[in-house]
Structure formats: C-alpha cells, structure tokens
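**Student:** One line per chain: the protein sequences are A, B, C, D, E and F, in this order. The opening residue of the first sequence carries number 21 in the working numbering; numbering runs sequentially from there. The opening residue of the second sequence carries number 21 in the working numbering; numbering runs sequentially from there. The opening residue of the third sequence carries number 21 in the working numbering; numbering runs sequentially from there. The opening residue of the fourth sequence carries number 21 in the working numbering; numbering runs sequentially from there. The opening residue of the fifth sequence carries number 21 in the working numbering; numbering runs sequentially from there. The opening residue of the sixth sequence carries number 21 in the working numbering; numbering runs sequentially from there.
Keep in mind that the hints were calculated from the coordinates and are not lab data. Check each hint, because a few of them may be wrong.
Unchecked claim - Heads up, simulated DSBU-like pairs for lysine-lysine below, C-alpha to C-alpha not over 30 Å straight-line:
no., chain 1, residue 1, chain 2, residue 2
1, B, K187, C, K187
2, D, K96, E, K87
3, A, K40, B, K96
4, D, K22, C, K22
5, F, K40, A, K40
There are 6 protein chains.
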Amino acid sequence: MKREEVLMEALPYIRKFHGKIIVIKLGGHAMVEEEVLDTIIQDVVLLQYVGMRVVLVHGGGPEITAKMEMMGKAPKFVEGLRITDRETMEIAQMVLVGKINDGIVSLIARHGALGVGISGNDGNLLIAQKMDPRKVVIGDEETEVDLGHVGEIEEVRPGLINDLLEKRYIPVVAPIALDRQGMILNINADHVAAEIAVALNAFKLISLTDVDGVMNEDRTRIYRRITTSEAAEMVRDGIIAGGMIPKLTGCVSAIKNGVGSAHILNGNKGHNLLIELFTDEGIGTIVMP
Amino acid sequence: MKREEVLMEALPYIRKFHGKIIVIKLGGHAMVEEEVLDTIIQDVVLLQYVGMRVVLVHGGGPEITAKMEMMGKAPKFVEGLRITDRETMEIAQMVLVGKINDGIVSLIARHGALGVGISGNDGNLLIAQKMDPRKVVIGDEETEVDLGHVGEIEEVRPGLINDLLEKRYIPVVAPIALDRQGMILNINADHVAAEIAVALNAFKLISLTDVDGVMNEDRTRIYRRITTSEAAEMVRDGIIAGGMIPKLTGCVSAIKNGVGSAHILNGNKGHNLLIELFTDEGIGTIVMP
Amino acid sequence: MKREEVLMEALPYIRKFHGKIIVIKLGGHAMVEEEVLDTIIQDVVLLQYVGMRVVLVHGGGPEITAKMEMMGKAPKFVEGLRITDRETMEIAQMVLVGKINDGIVSLIARHGALGVGISGNDGNLLIAQKMDPRKVVIGDEETEVDLGHVGEIEEVRPGLINDLLEKRYIPVVAPIALDRQGMILNINADHVAAEIAVALNAFKLISLTDVDGVMNEDRTRIYRRITTSEAAEMVRDGIIAGGMIPKLTGCVSAIKNGVGSAHILNGNKGHNLLIELFTDEGIGTIVMP
Amino acid sequence: MKREEVLMEALPYIRKFHGKIIVIKLGGHAMVEEEVLDTIIQDVVLLQYVGMRVVLVHGGGPEITAKMEMMGKAPKFVEGLRITDRETMEIAQMVLVGKINDGIVSLIARHGALGVGISGNDGNLLIAQKMDPRKVVIGDEETEVDLGHVGEIEEVRPGLINDLLEKRYIPVVAPIALDRQGMILNINADHVAAEIAVALNAFKLISLTDVDGVMNEDRTRIYRRITTSEAAEMVRDGIIAGGMIPKLTGCVSAIKNGVGSAHILNGNKGHNLLIELFTDEGIGTIVMP
Amino acid sequence: MKREEVLMEALPYIRKFHGKIIVIKLGGHAMVEEEVLDTIIQDVVLLQYVGMRVVLVHGGGPEITAKMEMMGKAPKFVEGLRITDRETMEIAQMVLVGKINDGIVSLIARHGALGVGISGNDGNLLIAQKMDPRKVVIGDEETEVDLGHVGEIEEVRPGLINDLLEKRYIPVVAPIALDRQGMILNINADHVAAEIAVALNAFKLISLTDVDGVMNEDRTRIYRRITTSEAAEMVRDGIIAGGMIPKLTGCVSAIKNGVGSAHILNGNKGHNLLIELFTDEGIGTIVMP
Amino acid sequence: MKREEVLMEALPYIRKFHGKIIVIKLGGHAMVEEEVLDTIIQDVVLLQYVGMRVVLVHGGGPEITAKMEMMGKAPKFVEGLRITDRETMEIAQMVLVGKINDGIVSLIARHGALGVGISGNDGNLLIAQKMDPRKVVIGDEETEVDLGHVGEIEEVRPGLINDLLEKRYIPVVAPIALDRQGMILNINADHVAAEIAVALNAFKLISLTDVDGVMNEDRTRIYRRITTSEAAEMVRDGIIAGGMIPKLTGCVSAIKNGVGSAHILNGNKGHNLLIELFTDEGIGTIVMP
C-alpha cells in the first residue's frame with residue numbers, strides 16, 4: 021500500500037474523530053508487560069495529538085494478587101469476584117492508585133503529554149454500592165459469602181473528567197469508589213469504562229484485550245463488524261463464552277445508552293489502536309448499533 | 021512500508037500543522053489539466069479537514085493567452101512580462117476572476133469544503149503600483165515600453181483572508197489589484213503568494229510547479245533541503261536558472277520575512293502535497309532559514 | 021425645509037435601521053452608466069457608515085449580450101430567457117464575476133468601504149437547479165427547447181454572507197450557481213435578491229430600476245404605499261404589466277416570507293436611495309405586509 | 021438646501037461620532053425654561069439614538085437662589101462664589117439632586133430613552149476639596165471669608181459613568197461631592213463637565229449657554245473656529261470677558277488634557293445641537309487643539 | 021459561645037448567601053438617628069464584602085413632614101396616606117432624592133463601598149399609577165378626596181438595578197416614580213421594596229423596623245418562624261394589628277411571587293442584621309413559604 | 021465575646037481572602053489521628069465554601085515506616101533522610117498516593133466538597149532531581165551513601181493546580197515526582213508546599229504541625245508575629261532548633277519569593293485554622309515580609 025493511499029484513507033478519520041471523546045480500557049498484558057504498555061501509551065498520546073480526547077481506564081487484578089502473595093495473604097474468589105477484606109482493600113487501593121495509575125501517568129509524561137490520575141473518589145467521579153453477598157454451596161450446605169469491599173457503580177458524575185479533557189489532559193481512571201456511606205469499594209474496570217463512556221456520551225469505547233476480537237466458536241475467524249442484536253444473539257446461542265461475555269455485553273449496553281460504537285481488539289500487538297481507528301478495514305471487532 | 025509506520029510518521033506532522041496557515045501557489049499544468057487540479061484540490065480539502073488553514077493563490081497566463089488569441093489579439097511580452105493594454109486587462113480580469121478563480125471555488129465545493137474566491141480588490145486585500153516602463157533595444161535604438169496594466173504589490177491588508185480563515189473557508193486569490201489611483205493591474209502570482217504568506221505570517225509557503233523541485237545544474241539530482249543562504253549562493257553561481265530563479269528568490273524572501281519554511285514540488289504528480297507534508301522524507305525541495 | 025427638520029426626520033430612521041440587513045438589487049442603467057453606479061455606490065457606502073448591513077445583488081444581461089456580439093455569437097432568447105450554451109455560459113460567468121462584480125467591488129473600495137465579491141459558488145451560497153425545457157411553436161410544430169445553463173434557486177445557504185456582514189464587509193453577489201450535479205447555471209438576479217433577502221431575514225429589499233416606482237395604468241401616478249394584497253390585485257387586474265410584474269411578485273413573495281418591507285425606486289436619479297430611506301415621505305413605492 | 025444634500029452632509033458625521041463620548045453642560049435658560057430644556061433633551065435622545073454616548077452635567081444656581089429666598093434666606097456671594105453654610109448646602113443638594121437632576125431624568129424618560137441621575141457621591145464619582153477662604157476688604161480691613169460648603173474637584177473616578185454608558189444609559193450629573201473627610205460640597209458645574217470630559221477621554225465637550233458662541237469685542241461677530249492658543253491669547257488680550265472667560269479656559273484645559281474638541285453654542289435656540297454636530301458649517305464656536 | 025463555634029455556624033450561611041440578591045427596606049429610626057443608620061450601613065457594606073448583592077429601599081415620611089412644617093405647610097392625611105399637592109410633592113422629591121437618598125449613598129462611600137442612588141425615574145425603574153380618590157365622611161356627608169401625587173406601582177423594570185449589581189454597586193432606591201402620563205408620584209416604600217424583591221427574584225426581603233419582629237397579641241413573645249399561611253391567618257384572626265399588617269402582607273405577597281424568604285427585625289439594635297443572617301437562631305421573625 | 025463581634029471581626033477577613041490561594045501543609049498527627057484530620061478537612065471545606073482556593077500538601081513518613089516494617093524492611097536514615105531503594109520507593113508511592121492521598125480526597129467528599137488527588141506526575145506538576153549522595157563517617161572512614169529515590173524540586177509547573185482551582189476543586193498533592201530521566205523520587209513535603217505556594221503566587225502558606233507556633237528558647241512563649249529577618253536571626257542565634265528550622269526557613273524563602281505571608285500553627289487543636297484566619301489576634305505564628 022502506498023504512503024499516499026494510507027494517508028488519504030487516514031485523513032478523513034482524523035478529521036472525523038477530531039474533538040471526539042474515546043474511552044479506552046487497558047487490560048490483559050498491557051498492565052504487566054512494560055513494552056506493550058509503552059506502545060499503547062505512545063499511540064494514545066498520538067491520538068491526543070491529533071485532537072481526540074482520550075480517557076483511560078485500567079484494572080490491576082494480577083498485580084493485586086501478586087502484592088497480596090508477597091505480603092503472605094492468599095487471594096480468594098467467589099464467582100470470579102475477589103473476596104476483599106479491609107486489608108485486601110488497602111492493598112488493592114495502594115496497588116491500583118499508588119502503583120499502576122501513577123505509573124501510567126508517568127509513562128504519558130515520558131511520551132510528552134499530560135496525564136492526570138484519578139480514582140472514583142476524585143471529584144466524586146463514581147458513587148458505588150456494595151455488592152450483595154453471594155450464595156455458595158460448600159459440601160451440602162448453601163451459605164452466603166460477603167464479598168467485602170466489592171462494589172458496583174450506582175452513579176457517574178463526569179464533571180472532573182470533562183474539566184480535565186477541556187484543559188487537554190488525559191484522565192487515567194483507577195476503578196475504586198466510595199459508596200454513599202463512605203465505604204471504599206473495588207469495582208470491575210470493564211464496568212467502569214462502559215459506564216464512564218455512557219456518562220461522557222463518548223464517541224467510542226475501546227477495549228484492549230489479549231485476543232484479536234470477537235471470534236467464532238472454533239476460533240478460526242474474527243467477526244469484524246457486528247450489530248448489538250447480533251452480539252446479543254451470539255451470547256444467547258453460546259457462540260461467545262468466557263471472559264468475552266462481559267466485555268461484549270458491556271459494549272452492547274454502552275451503545276444502547278448512546279456511545280457511538282465499541283471496539284474489541286488485541287492490545288498486545290504493536291499499534292493495533294492506530295490501525296483500528298485510521299484504516300477502512302480496521303483490525304479488531306467493531307460493535308455498532 | 022507498513023500502514024502503522026506511515027501513520028506514526030504522519031500523526032506528529034498532523035498535530036504540528038494543526039491550525040497553521042499554509043499558502044499554496046497553484047501553477048503549471050494544474051490550471052490546465054483538469055485531473056491534476058482535481059487531485060490537488062482533493063488534497064487541499066484533506067489538509068483543511070485535519071485542521072490546517074489553507075490559502076490558494078493561482079495564476080493563469082496560458083488561459084489569458086488562449087482567450088486573447090480566440091479574440092484575435094496577439095499577446096506581446098517584454099522581459100517575460102505581458103504588455104497589457106486596457107482590453108487585454110479586461111480579458112485577463114475576466115479569465116482570472118470569472119473563469120479560473122470561480123472554477124477552483126466550484127471544485128472545492130464538489131470536494132465538500134467551502135471556498136471563497138477573491139481578487140486583490142475584495143476587502144482591499146492588495147494595493148499595487150504600476151510597474152515602471154521597460155527599456156527595449158529595437159534595432160539600434162533603445163526605447164521605453166510601457167507595460168500598461170502590470171503591477172507590483174505595494175501593500176497587503178490580510179484582514180479579509182484572516183476573517184475567512186477564522187470562519188473555516190478556503191480563500192482562493194486571483195492576482196489582480198488596484199493601485200492607489202484606482203487603476204486595475206495584473207500581478208505575478210508567485211509574487212502575490214509570497215507577499216500574502218508574509219502578511220499572514222504563514223507557517224509554510226508551497227509552490228506547486230511542473231518540476232520535481234530545485235535541481236542541480238545537469239538536472240540529475242533534486243536538492244531536498246537547502247538553507248536560504250545556500251539558495252542565494254546557487255542563484256549567484258548560476259546553478260539555478262530560468263523560471264526557477266523567481267520562485268526560489270520568492271521563497272528566500274518569504275522566509276526572511278517570517279514565513280516558517282517554503283516548499284517547491286511537482287504538483288502534477290498525484291498527491292505529492294500529502295507526501296511532502298506528512299512524511300519525514302518529503303518529495304520536493306524544502307527551503308529553510 | 022430647514023436643515024434641522026431634515027435631521028430630526030432622518031435621525032429616527034438612522035437609529036431604526038442601525039444593524040439592519042438591507043438587500044439592494046442593482047439593475048437597469050446602474051450597470052451601464054458609470055456615473056449612476058458611482059452615485060449609488062456612494063449612497064450604499066453611506067448606509068454602511070451609519071450602521072446598516074448592505075448586500076448588493078447585480079445582473080448583467082446587456083453586458084453579456086455585448087460581449088457575445090463582440091465574439092461573434094448571436095444571443096437567442098425564449099420567453100425572455102437567454103438560451104445559454106456552454107460557451108455562452110463561460111462568457112456570462114466571465115462578464116458577471118470577472119467584470120461587473122469585481123468592478124463594483126473596486127468602486128466600493130474607491131468610496132472608502134470594503135466590498136467582497138461573491139458568486140453562488142463561494143461558500144456554497146446558492147444551490148440551483150436547471151430550468152425545464154420550454155415548449156416553443158415553430159411553424160405548426162411544438163418543439164421543446166433546452167435553455168442550457170439557465171437555472172432557478174433551490175436553496176440559499178447564507179452563512180458566508182452573514183460571516184461577511186458580521187465583519188463589516190459589503191457582499192456583492194453575482195447571480196451564478198452550481199446545481200447539485202456541479203453544472204454551472206445563470207440565474208435571474210431579481211430572483212437571487214429576493215431569495216437572499218428571505219434567507220437573511222432582511223429588514224428591507226430594495227430594487228433600483230429605471231422607473232420611479234409602481235405606476236398606475238396610464239403612467240400618471242406612482243403608488244407610494246401598497247400592501248401585498250393590493251399588489252397581487254394589481255397584477256391580477258392587469259394594472260401592472262411588463263417587466264414590473266416579476267419585480268412586484270418578487271417583492272410580495274419576499275415579504276410573505278419574512279422580509280420587513282420592499283421598495284421599488286428609480287436608481288438613475290441622484291441619491292433616491294437616501295431620500296427613500298431617511299424621509300417620512302420617501303420617493304418610490306413601498307410594499308408592505 | 022436639498023434634503024439629500026443635508027443627509028449626505030450629515031451621514032459622515034453620524035458615522036464619525038458613532039460610539040463616541042460627548043459631555044454636554046446644560047446651563048443658562050435651559051434649566052429654567054421648560055420648552056428650551058425639552059428641545060435640548062429631545063436632541064440629546066436623538067444623539068443617543070444614533071449611537072453617541074452622551075453625559076449631561078447641569079448646574080442650578082438660579083433655582084437654589086429662588087428656593088433660598090422662598091425659605092427666607094438671603095444668598096451671599098464672594099467673587100461670584102456662593103457662601104454656603106450648612107443649611108444652604110442642604111437646600112442646594114435638595115434642589116440639584118432632588119429637583120433638577122431627577123427632573124432631567126424624567127424628561128429623558130418621556131422622550132423614550134433611559135437616564136440615570138447621579139451626584140458626585142454615586143459610585144464615588146467625584147472627590148472634592150474645600151475651597152480656601154477668600155480675602156475680602158470690608159472698609160479698611162482685609163478679612164478672610166470662609167466659603168463654607170464650596171469645593172473644587174480633586175479627583176474623578178469615572179467607573180460608574182463608564183458602566184452606565186456601556187449599558188446605554190444617559191448619565192445626568194449633579195455637581196455635588198464629598199471631600200476626603202466626608203464633608204459635602206457644592207462645585208462649579210462647568211468645572212465638573214470639563215473634568216469629567218477629561219476623565220472619560222471624551223470626544224467632545226459641549227457647553228450650551230445663552231450666547232451664540234465666542235464673540236469679538238463689540239459683539240458683532242462670532243468666532244467659528246479657534247485654536248487653544250488663539251483662545252488663550254483672546255483671554256490675555258481682554259477680547260473675551262465676563263462669564264465667557266471660565267467657559268473658554270475650561271475648554272482649553274479639557275482639550276489640552278485629551279478631549280478631542282470643545283464647542284460653545286446657544287442652547288436656547290431650537291436644535292442648535294444638531295446643527296452644530298451634523299453640518300459642515302456648524303453654528304457656534306469650536307475650540308480645537 | 022466560643023469564637024470557632026460562631027465562625028463554624030456563620031461560614032455555611034456566608035457561602036449559601038454568596039452572590040444572592042437581598043432587598044433591605046430601611047425604616048423607622050434608621051432614617052432619623054444617625055448612629056442607627058451608620059450601624060446598618062456598616063453591616064450592609066459587610067454583607068456586600070462577603071459577596072451578597074444588596075439593594076436598599078428607604079422611605080422618609082417623618083423628614084418630609086418636618087421639612088413641610090419648616091416651610092409652613094401643614095401635612096394632611098387620609099387613611100394614613102399623605103395628601104400630596106404639587107408643592108408637597110416637590111418637597112417630598114427633594115427630601116427623598118436630594119437629602120435622604122444622597123445621604124445614604126455618602127454613608128456607603130464613607131464605609132468603603134460604592135452606592136448609587138436612584139429613584140423610580142432612573143432607568144425607568146418604576147412605572148406607577150395615581151391612586152384612586154378616597155371616600156371620606158365629613159359630618160354627614162361622604163365626599164371624595166383626591167390624594168394628589170400619591171401612586172401605586174404598576175410595573176418594575178429591574179434592568180438598571182441588575183446592571184448596577186452586576187458591576188458591584190449597592191443601589192439605593194427612593195420611592196418616587198412617574199405614571200404613564202409623566203406625573204410624578206410618591207409611593208409607599210414597603211410596597212416598593214416588596215415589588216422590587218419580586219422583580220429581582222430576590223433571595224431575601226428584609227424589613228428593618230422599630231420592633232423586634234412579629235409578636236403575639238399581648239406583645240410577650242416574638243414569633244421566630246411563620247409560614248405564609250400562618251401569617252395570613254394571624255392577620256385574619258386579628259392577632260396582628262396596626263403598622264405590622266402591611267409589612268406582613270407585603271412579605272407574604274413577595275414570597276408567593278418567588279422571593280425566597282422574608283425577615284422582619286429591629287433595625288435599631290446594633291448589628292441585628294448580622295445576627296439574623298449568620299446565626300442558626302436568628303433574632304427577628306422569618307416568614308417562609 | 022459576643023456573636024456580632026466575632027462576625028464583624030471575621031467578615032472583613034472573609035472578604036479579604038475571597039478568591040485567594042492558600043497552600044496548607046498537613047503534617048504531624050493530622051495524618052495519623054483520624055479525628056484530627058477530620059476536623060482539619062472540615063475547616064478546609066469551610067474555607068473553600070467562603071471562596072478561598074485551598075491546596076493541600078501532605079507527607080506520610082510515619083505510615084511509610086509502618087508499612088515497611090509490616091513488610092519486614094528496616095528503614096534506614098542518613099541526616100534525617102530516608103535511604104530509599106527501589107522497593108522502598110514502591111512502598112512510599114503506594115502509601116502516599118494510594119492510601120494517604122486518596123484517603124484525604126475521600127474525606128473531602130464526605131464533608132461535601134470535591135477534592136482531586138495528584139502527585140508530581142499528574143500534569144507534570146513537579147520536575148525533581150535526585151539528591152547528591154551524603155558523606156558519612158563510619159569508624160575512621162568517610163564513605164558516600166547514595167540516598168536512592170530521594171529528590172529535590174527543580175521546577176514546578178502549576179498549570180494543573182490552577183486548572184483544578186479554577187473549576188473549584190481542592191487539589192491534594194502527594195510529594196512524589198519524576199526527574200528528567202524518568203526516575204521516580206520521594207520529596208520532602210514541606211519543601212513541596214513552599215515551592216508550590218511560590219509557583220502559585222499564593223496569598224498564604226500555612227503549616228499545620230504538632231506545636232503551637234514558633235516558640236522562644238525555653239518554650240514559655242509563642243512568637244505571634246515575626247518578620248523574615250527576625251526569623252533568619254532566630255535561626256542564626258540558635259533560638260530555633262530541631263524540626264522547626266526547616267519549616268521556618270521554608271516560610272522565609274516562600275515569602276521572599278512572593279507569597280503574602282506564612283503561618284505555623286498547631287493542627288491538632290480543634291479549628292485553630294479558623295481562629296488563625298478569621299480573628300484579629302490569631303493563634304499561631306505569622307511570618308511576614
């Protein structure tokens with residue numbers, strides 16, 4: 021492909037996305053492999069250069085687990101949710117806000133842009149509520165397990181993010197929030213990204229994961245373009261499974277609440293973000309209304 | 021070259037040029053071959069899409085000559101300057117303003133942007149003065165030849181262009197102006213482009229011609245990057261000759277009066293404008309301070 | 021009449037018209053006799069001085085005909101409409117845009133204000149559509165005659181005019197426009213003036229003609245003040261005839277679409293424009309709702 | 021003179037004065053004869069209509085004297101200055117602020133504009149200082165006479181007037197002010213007008229009096245146009261005498277401190293204000309730099 | 021009460037009232053006893069210091085009576101309304117506007133803020149209408165008594181007050197206004213304050229009187245907090261009597277028309293205004309919706 | 021002291037401080053005893069309520085030490101500076117940013133205002149440089165000890181803080197920053213507070229400590245008011261010793277670089293912040309130019 025063709029293909033996208041809000045969820049290897057994160061942040065800074073307004077949301081499960089183990093605490097999960105006692109919550113908060121979030125902000129600075137790390141507490145961004153206890157069957161008995169400091173989003177107040185975007189900062193959001201009683205809670209980062217995208221009336225929600233997109237049952241083919249109803253069908257028919265289910269339902273819900281489109285793509289492969297955004301063909305899966 | 025590489029190379033330029041004023045002189049085949057002009061206008065509209073503020077300046081000598089011949093008038097030149105009597109001036113004005121200029125504006129509309137055609141009269145953009153008569157030797161005798169309606173720029177009042185750029189129009193300038201006595205004059209378009217670039221404090225002045233750039237004496241090599249002092253030396257040493265001399269001295273003068281850089285490149289080859297602006301290597305000659 | 025009485029009568033009008041948009045159609049001798057045009061432009065500049073926002077619209081039929089004859093082409097008309105082949109259209113465009121329009125702009129400059137000449141192409145001001153062929157009876161046979169490049173206004177996008185007025189320029193409009201397929205068309209100037217007045221929600225539409233106003237059947241009396249329904253009646257009852265019919269129906273249509281009032285007056289007599297606007301009595305015919 | 025000639029003469033002045041600040045001192049009969057004041061206020065409202073920003077300053081000596089006599093107090097003067105005890109001051113304040121000032125404001129309202137009456141206290145407009153005692157010779161003895169509540173302007177803080185002008189009100193100023201100790205003082209209105217004109221950097225200072233302008237010694241001729249140095253000479257050479265001296269020196273001082281020009285004219289004759297401002301010839305005396 | 025407790029109690033009120041409009045009616049001794057007025061103005065300036073936008077409205081009945089008696093005129097009243105002939109009106113206007121109003125403005129200046137004294141004429145603030153004649157029984161006969169220059173408010177045009185507040189001045193309003201025929205009228209100051217509070221959509225209306233608030237029948241207890249319906253009941257049941265009736269009905273009407281709350285308190289006791297506004301307990305009576 | 025006296029004393033301060041920037045360093049018990057921090061944040065929110073723009077800076081030494089010990093690491097100090105290896109730095113960052121900073125922000129939310137936690141990385145607020153190694157004598161030998169991740173401020177870029185203050189957030193700063201090579205460094209919080217106060221051109225710098233202010237040698241008396249030269253003398257003469265030296269020299273340096281005044285007071289005693297700011301007497305030590 022000739023350079024001028026790449027450019028002529030890309031320029032209309034660059035214009036179309038100018039000034040638009042894009043929420044990017046960083047997941048998978050991005051948070052662990054330095055080089056991957058570095059490439060992503062480089063691309064994010066380029067997006068901001070050409071006029072987009074980017075919001076990053078990150079998780080940090082593996083690092084929390086690692087830090088817990090280092091401190092001699094064994095992580096426990098129920099239905100994939102971490103049972104989070106007070107001490108665990110303190111570790112999670114320190115890792116998410118003090119290590120990962122602040123680290124991403126430093127990396128943005130190294131690539132020449134200005135990031136601002138925030139948690140759900142900053143500017144009262146997120147109001148959460150504690151999750152209901154889970155019913156677990158141990159032996160013959162069903163018992164209720166309190167998940168501790170694990171929450172769901174009840175409300176997003178996007179004022180601070182809008183204020184930061186207006187001043188050309190890249191907000192970096194750690195998935196931590198208070199509930200109305202002032203209890204600190206850990207929240208699923210995919211959930212946070214989708215809810216923030218809705219609250220900001222974002223143009224796009226992009227999920228950077230470890231796989232190349234939404235794939236068919238035998239993993240031989242990526243779906244490049246699916247509608248929200250097709251996505252719902254796929255989930256219902258069991259074509260989609262595992263960790264992709266929540267991502268896909270998150271995308272569907274975001275679009276139904278006003279987000280323009282949602283993308284799922286592999287963040288581990290160099291500059292996929294640019295290819296997805298600035299070429300006609302793209303590289304991952306786009307979910308559209 | 022991979023797509024992501026083209027993009028990563030281009031994006032920083034796109035950012036750097038955002039909001040910058042670029043004056044482009046259209047010359048050579050551009051004004052005659054429809055397809056060439058079409059490609060150039062397509063690129064110009066893309067430049068505007070991604071945030072640049074583009075001003076076009078055009079000439080029209082060949083078309084004036086053609087129209088004159090059609091009307092049974094033989095064009096006469098002295099030192100390459102057209103002797104322009106009142107009737108010739110009327111033809112020139114009609115061709116430049118009524119045909120070429122309005123035609124470029126239509127083409128911009130067809131490519132989805134908004135152009136506004138102006139001459140030096142509009143908004144008092146240009147104040148000119150009549151050129152002094154030329155001394156010519158005919159046989160043994162030296163005689164003075166009055167050039168008629170041929171002028172030089174005395175003053176640029178860029179208010180109207182700034183107003184149009186502010187409102188996101190693409191101004192298209194025909195090289196016609198009044199002198200202080202109200203006499204209408206035809207002016208060299210390269211001159212107009214350079215003076216307007218200076219008056220606008222433009223970021224770049226780009227001259228689209230029929231050759232690939234500034235070339236060495238035996239036309240085997242293009243100079244990709246020359247300084248104003250190198251350019252002056254080349255002219256002095258006779259390395260540069262013919263029609264390139266005024267273009268190059270125009271570029272030098274523009275840069276010395278504050279324009280960021282000047283480019284000379286072949287406008288006849290598809291999308292050279294994009295390659296020159298958005299790749300590290302470029303394709304023509306750049307003149308820098 | 022004493023000076024102070026003239027002033028006391030005029031000042032309230034000056035205040036009332038301050039900042040108001042007035043569309044003036046220049047017709048008849050104005051475009052041919054230099055002195056008449058000079059007086060009108062002098063008045064127009066005074067109007068702008070005291071705060072009005074003036075838009076000029078001009079035609080140019082006689083000059084197009086003259087230029088065609090000079091180039092050995094015989095003009096042909098059907099139902100008063102010029103049959104406009106490609107070559108004729110090029111002449112019309114050159115005369116209207118390159119000669120008349122640019123000439124008016126020069127004259128405005130000479131009187132100390134700033135004009136900007138535009139055609140329907142500039143800023144996509146006018147979208148036209150080709151007129152349907154006319155049925156003509158030649159001998160016994162009815163045949164269809166294609167008018168060529170003759171159009172009607174389909175849409176006015178007044179953005180550019182508003183932008184120019186905001187910056188205190190006097191827009192001068194040539195009645196040329198593209199249709200949606202990019203075909204260039206010549207349009208009736210009275211029509212253009214009325215449609216632009218409507219699109220700008222103008223305060224007044226003024227038609228400068230060769231007669232003193234709307235007159236009674238035997239041309240002994242001018243009607244000074246008529247309502248739109250009276251005007252419609254006059255046309256219906258055959259009191260009004262000839263070239264005044266389209267002007268009057270144009271005024272009626274403009275007023276019905278929101279223009280405040282419309283005036284028809286003799287532009288050939290010195291400073292009628294001032295008398296009409298700044299005296300209680302006026303001098304031509306005013307059409308009101 | 022034909023109507024169009026009056027208009028063509030007036031319109032450039034109307035444009036030139038648009039947005040300019042004009043300080044008008046009302047004196048003489050204006051404050052006593054209702055009809056005269058009514059005509060002046062009518063003209064003032066017209067001036068405001070056409071875009072000028074007018075500030076009125078008034079005196080009120082005759083009315084103060086009348087009210088004092090009504091209350092059985094005999095007015096006393098030293099060197100033309102009223103000896104103003106506490107009781108006299110209260111009467112002066114009530115007459116100036118409560119009667120004359122509020123009356124002018126009502127009259128402005130009746131003519132359709134919005135006035136705001138202010139004294140030097142409002143918005144701390146004026147800071148005054150008590151005048152030094154006067155030396156008087158009674159019989160053989162020289163004695164000092166304290167003038168009481170009589171002051172001179174020390175400082176003008178034009179903020180309130182500018183705020184009112186910005187909002188299109190006509191400020192009407194009564195010549196009363198506090199000194200830095202909070203003592204209320206009566207001040208010469210000519211002085212107040214000149215100082216306010218300077219503080220506002222006014223375009224014109226106009227003094228409406230009972231005579232037709234600055235006249236020659238034998239009162240046979242009005243000087244229509246004098247420079248500040250000619251004016252100074254006239255005063256020095258005794259050509260000017262009596263009440264005109266302070267008016268003329270006031271004008272000179274105002275112009276030397278930046279006011280554009282000063283006019284002295286007869287306010288008792290109908291609409292002189294309009295004639296002076298909007299005709300080439302004028303009607304009173306203009307003092308220029 | 022410890023200092024920090026007073027502060028912690030006051031600060032939230034200070035914040036809550038920031039930028040809010042408060043209309044304060046000055047009555048009773050305030051206008052007669054210098055020390056009382058001085059304390060009130062000191063408090064008013066403090067209120068403005070901390071960000072409130074204060075409008076003062078004053079009456080002046082006792083001073084008008086005094087001045088009339090000084091001038092040998094006997095005041096006459098019908099139903100508590102002063103019969104106001106032309107001469108009386110002139111005295112009222114001079115006292116209210118020239119003495120009391122200008123005096124309050126001076127006092128504001130002495131305390132370091134900027135006041136602007138206005139009557140209903142300034143900026144056409146108030147449009148009034150003459151009151152209907154009163155029926156009076158003298159001996160056996162009922163006769164109609166014309167009250168002369170006594171009016172009621174017909175319309176408030178709060179533009180000038182808003183303009184002054186925006187520029188941080190304290191407007192001081194004298195209860196004088198023209199009717200639509202240009203007749204000058206004296207108006208009840210409580211009425212003016214309530215109507216202005218409504219027109220400004222004020223946050224609070226505060227009436228400073230000679231009593232401590234709304235009291236029960238035997239004057240042993242102040243009601244600290246009453247609703248508009250309780251207030252209406254009290255009046256109906258005769259618990260409230262005399263001069264308090266119009267104040268209370270005024271408050272009720274203001275609140276019903278959008279004013280946030282109304283306060284009636286003793287202005288003669290030092291700094292009650294501060295206590296009422298900045299303590300939880302308050303000191304007078306607050307009327308709420 | 022009566023309530024109105026407290027109010028009259030406080031209101032002028034409230035006005036004076038309105039819109040002013042105040043940098044508060046939280047130290048000592050504030051970070052450890054919940055109730056103390058709660059009282060301080062309550063006061064800080066009140067300050068913001070009444071219009072001040074508050075910036076908080078906190079340290080966290082004791083908590084870092086505690087966390088290190090919990091993780092089995094023994095803290096080491098040289099000249100009072102913590103030797104900070106990579107692992108220690110990670111703990112410091114997690115404690116400062118993830119625990120203390122985010123905790124203060126939560127507390128601000130609980131008191132009804134909006135805080136935003138930032139480190140020196142956010143918005144590139146702080147650029148630091150690594151501290152030089154310290155020379156230490158161990159036994160007979162002098163050896164150099166590298167302090168690791170310990171830095172000094174090289175540059176403050178206050179853009180982000182100004183942006184947050186403009187939008188009415190309370191910025192909470194953790195003393196962590198990158199150097200120009202991207203190395204993360206721990207910085208003394210007193211130093212950060214003083215440098216930020218200078219960069220913001222703050223009105224006040226307030227240091228909340230464990231002692232009542234600057235005391236004389238035998239700790240019997242607090243100095244209430246000292247100049248920067250007196251402070252310098254005290255340090256030179258050894259009157260001041262220990263931890264107070266750096267605080268005092270920090271204050272002196274801040275004032276010399278444009279901060280209005282600096283206060284040192286006991287943050288452990290309830291609402292001292294309010295007393296210091298809003299009473300004439302104050303409660304701690306004020307350092308003035």
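**Student:** With reference to the structure, classify each hint as holding or not holding.
**Tutor:** Going down the list of hints, with the structure as the test:
1. K187(B) with K187(C): With a Cα-Cα distance of about 11 Å, the restraint between K187(B) and K187(C) holds, given a limit of 30 Å.
2. K96(D) with K87(E): The given pair, whose Cα atoms are some 23 Å apart, holds under the 30 Å limit.
3. K40(A) with K96(B): Judged against 30 Å, a Cα distance of about 57 Å means the pair is violated.
4. K22(D) with K22(C): holds, 9 Å
5. K40(F) with K40(A): Answer violated: K40(F) to K40(A) is near 35 Å, above 30 Å.
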